[in-house]
Amino acid sequence: MSALTFQGAGYRYPSGEEPAVQGVDLAVESGQLVLLTGPTGCGKSTLIRLAAGLLGRHGGGDVLGSVEVQGEDPARLTPADRARQLGFVSQTPDRQLLTATTGDEIAFPLESVGAPGIASRVTQQLAQFGLPGEHTRSTQALSGGQKQRLVTASAMAAGAGLLLLDEPLAQLDPAGAAALMARLRGVADAGVAVVVVEHRLSATLPLVDRVLVMDGGRIVADSSPAQVDAELLGRLGMRLPGTSPERNASVPLEEGDARESSDEERRVLLEAGPLRHRYREADQDALDIAGLTLRAGERVALLGANGSGKSTLIGALAGEHDAGAVQSRGRVLDLPQDPDLALFSATVREELAHGAKEQRLGDRAVQGRVAAAAAATSVQDLLDRSPHALSRGQRLRVAVAAMLACEPDIVLLDEPTSGQDHGHVERMMLALRSEERALLFATHDEALAQRHATRVLRMEAGRFVAHGEVRGDAAPAHDEAAAGAASAIPGSMPRSAPRGGLDPRVRIALLICVGVLAVVLSRASSLATLALLCAFPLLLVGVPRRWLLRGGLGLLAIVWSTVLSQGLFYAELPRVPLVRAGPLVIWTEGVLWGLVQSLRFVSTLLAGLALVISTSPDRLYSALLRLRIPYGLAFLSSMALRTVPETARSALIVRRARARRGRSLWARSPWAWLRLEVEMLRPVVAESLRRARSLAEALDSRGFDPLVPRTERHPSRIGVGGWGLLGTAVVVTATLAAGRILFVLYSAEVLYLPALRPLYGWVRAWL
Amino acid sequence: MLRALTIACVLALGGCAQPAAPAVECDDVGVRVVSVEPVERVEVWSDGDRLARRSFPGDSTEARLALPLPASEVEVRVWTGERHTLRCTRPADEPLVDVQLAAPAGQTLAPFPETGRVQFVAFEGADASYAVVLTAREPSAVTLRLGGERLRVDMTAPGQREVITRPLPSDRATEVVVEGPRAVRKATLTPWTVGAGQVGETLALTDLVFPTDAAGFVDVARPEGRVTLPGLGWTRLLAWAGLGTRGQDRELPWGWHAVTLRNAGEKPLDVAVASRVLEGDEPAEAFRPVVRDEDGGTGLVTALLRIPAGGEATAVVPLFVTAAVLPEGASEFTHELTVTPLGLSKPVLTRTQPLRVSRGSSWVAVGFALALMAACLGVGSALIGVPRWLRTWSTTDLTTIAVFATLGFVITAFTAVLSSGLAAVLGPFSMLVTGLLSDCLRSALLATLIVLLPRRGTATVFLLLGWLMGGVALGAFSPTDFVFVGSRIFWLELFLWIAGLTRGGAWRDGSPVSRFVRLAGGFAGASLLSMAGSLASQIVLFRLYYAAWFVLLMLALPGFLYDVLACLLATSFAASLREVQS
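Going down the list, the sequences are from chains A and B. Just add 387 to wherever you are in the first sequence, counting from 1, and you've got this note's numbering. Just add 86 to wherever you are in the second sequence, counting from 1, and you've got this note's numbering.
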């Protein structure tokens, strides 16, 4: 039985009239490593998602013909069977990471299928894919290549016989790509059928057993690598490795740091340096260069492995990082790594017109700019469509067109070509060329640098290590493992707390007790005691400085806000004016009352801080599951929390992109400002929708079932001390709460028991 | 006395076993009840007629009813949590007429002494009088000799009461003789003459405590110097239902003033301690002892007190409150206390002080009750719905809600940082500024999510995920979340359903105006009620004060207008994202 079989298979999207894929008849055998390639938009991703059963479950369109994995319809497999039978990996590893640590990531599908001996299998799988051995290593601390290997290892962990990968090399440098392909070869040799969708033929062809070429939703060629039709690929805008005229040319790179071109006649557009930047809590500088000069007409390619500092340099030049002096003589525009984040208008026409309008040009001039930019990037036919509803290649071209419509003097591009076919990339790069403009672009594609750069700079560990004018071959490959070590995600800091100590359930229960007491207590002395008790754990765990700052700010805001509000609104008599400002009076008694009341909020804040500082999120979620929070809900919120840094970063990128193409957001009317703020959500939300789909695909392929109980990797037990503390806290809290309730009933004239008079008095005097 | 001691011993012995029934004693004065449990009410019945009834506030275990008892056996009904029916008979050899004496008149009536001297304080130049009170047990005739006057009084029916008042000379003794059918009693009323100005110097008010219990002990359960009442609506509800402590007996005083007076003189003083509450210069209607209707419109409540020479005595003066006529919120009245020696027509001591009344708000009570009810329904619906939704929704839908929750969390965190700074300047008003950003963006985001996934439960899962994220990332788990998150879930789901937003997706293809109206109706309505409930909950749970104008401002802007704006913005925004989704 074939591992994967298509019979007249196809798929029509709900919004499409014609099938995106049709008439596919194909069988993939176990042990085969198959490359599926073709131009952008030809249907490769659709076909592979059809094979994974994802479109059948979530697509909402029509599945044509039949698809079978090991003789079964993949769309009808149970979650556990999906994890056992097939693995699916998409283009962006960051969007497929489901958990916080490498061990949990591998264990996820194993837990889904209820596999025994999870710990040993996790270790085995990590070793097989050449990943760091510690199970508790944060997934966010891995390099791009390591992340891609991790999600692949996770997809395979439950013993799937079929592995489907959608452009797994798109985000990887050449060394990383080669390393992953070597792993996939090993997986196939172990008897697994592997299908890889990819544009990067040079990295894949030498290792695959079979090549499938798609065009227009159909498979147009099926051959061995040696028999691939170069002419066909050429017609489709692709090139076979070794057929490029520039292939044998070389870029004679010299060792050292060359900050400036040798052509000194051209006008200087940008001067920067020295530039130095270190991400928070990183061990070394992400960027440390003496300087960089860009001249008009220059096209500078930045090469280097993942984590070598290319994105940081572009960020510094674009003003994202305060790394040093940057002087520009002209308009600087940058296109983020994800060009979708630069698209924030309702239609392509508005997107292209935005920059010109912001420059206060007349209607005719604006239309002229729009037309020229659209023509240069071949998006004339898309002007009335929503940018985010376009294909990825189209969105990239719209983003570039929007930049061109602003007529920038300096353009900064951060790997904008990933996942694009040759034809689209060529059109885009040609459109960006101008004698009056400087272009700096970061890329892994050395051939692209050869074709379109006038100067190449190679980076390593934040420094320029080689430079040269473009004439020939690319520089030698870089060690991927070293890159991985230096590529911690900027700005992210995995929270890892030692296991042990109080069980998180006890900590949560104590926090809830504090919350109850904050409601029950009313006296300054008792609330102050509570606040001191809550501050005590913070002294034990040691508060990091940034938490101290945040907590301090929060406390200050709470205290002041409460004091001011109660000072203004205090309604009891007597009250003595403290400050009079027209009709507003701040009452002395209210200020004192506000101080007392703020202790209530301070207590809960301190207790909350103590909890989150001393307990890692995965332990908290583990505790929540044991406290009967539905698994699906707890898992989704943990996953959502992990995407916060990325989402926040996206939001900042959008803000910056918008600000660069227009006036300052603050220099507007409040309504216009608010409208723009909401509009800026558009690209972030659009990206989030795509991320949601990627996450759903990853979850589906790893057997996620929101209701089925899972095996537990992190068993925990409440010790005697924990029970003692918990019992004491619960008894004290319950007693005080009962006293308060009886007192409230008495105050509300509902219930008065003469025997409880001492209790009433005690509650009033002490609580 | 011996009998009382016996009763006490019996009760003490009985206390070792199960609670004993009260003991009752009939004597010349009336009925005396001694009980282990506090006595709540006593009624005296004879031949099917109720002779007397009295409620006893506080937790006194001894009660006395002064009344002339018939010669036959009476039935005494005693309430001490449960009802006891007891019987007793007045001693047979009692005189046919009870005689009591008040000297000077106005002083507490005391049994006429068998024989001897009764000393009293008289003031120079002041008119005083004394009173002899006759109460018939059986029909008979009594002859009185009052100074030089002889007087015959015919008592024709049991219970007949006669009060004979005569001037009391301050410069000589007065002899009073009562000749009844069974006994002759004689007393000499001897004055201690005191100068009227002298008494003001020797009398001092040493302590005034409010509120106290009926025995004059501090009421530890209530704030000092203040009348605290629940909201008007709540009071009325309790009264209507006959529930609660005051709803059951509206004649009870709200509390008592304990007035301690010192007498530095060498002779004991009889004084009237009068208390009233004024609103301006007039007696405050809310504090008149209306149940007795004895104040003649003066609002005065009076207690009589004898202060021993060189000693102190405490009068306990009740404060009656007619809660129904007091306004909500804070109000202030004047409490006036006067001390008038009996025999003088003008007070020698006057003390005025503010009497503050704090009254809860009915609106707040209603708001909190609604929030609590909504929270129960919201949490209940989530408990029932979430497992079903998790089971039936696609993973893509779940992850879509999760990433929207991420966006909401980012917006919340961003605006929290922003509001920290703004709050340092604007205090509570910072919400009006930051709300324009955070509320608008979050509502626009949620509105967009509803456009993308128009079904019941989307908002619930979104809110629950946001709550869990906040708890895990910021430690923001609190029991009060039950009210705040639960009620938000309920109102949102309810209004979205009413507006038709979660009853299918056909509305998404309507005109922009109809989409906006539906979105605004759903979101602004839910937001308004959530905000009102949230403010009421903060007032109740955290004992915070908010001015009415501030509450209205919060309801109008973050509670309503910002959501309308958000929906206005989200209408076109969400439509374009539908294309992305498809």
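Honestly, I wouldn't trust all of these hints.
[As the list claims (entries may be wrong)] Here are some chain A residues pointing at chain B (derived, C-beta under 7 Å):
hint : residue
1    : Gly520
2    : Thr523
3    : Ala733
4    : Glu959
5    : Leu998
6    : Ser1001
7    : Leu1007
8    : Ala1035
9    : Leu1039
10   : Val1065
11   : Asp1087
12   : Tyr1147
It is worth saying that the hints were derived from the structure and are not from the lab. C-beta atoms are modelled at their ideal positions from N, C-alpha and C, and glycine is treated no differently.
Verification of the supplied hints:
1. Gly520: Constraint on Gly520 of chain A not satisfied, violated at 28 Å.
2. Thr523: violated, 18 Å
3. Ala733: It holds, given that the least Cβ distance between Ala733 of chain A and chain B is near 5 Å, below 7 Å.
4. Glu959: Nearest chain B Cβ about 6 Å off; hint holds.
5. Leu998: holds, 4 Å
6. Ser1001: violated, 10 Å
7. Leu1007: With a minimum Cβ separation of about 5 Å from chain B (threshold 7 Å), the hint on Leu1007 of chain A holds.
8. Ala1035: holds, 5 Å
9. Leu1039: Violated. Min distance 10 Å.
10. Val1065: Where the cut-off is 7 Å and the nearest Cβ of chain B is about 4 Å from Val1065 of chain A, the hint holds.
11. Asp1087: Check passed: Cβ of Asp1087 of chain A comes within 5 Å of chain B, closer than 7 Å.
12. Tyr1147: holds, 3 Å
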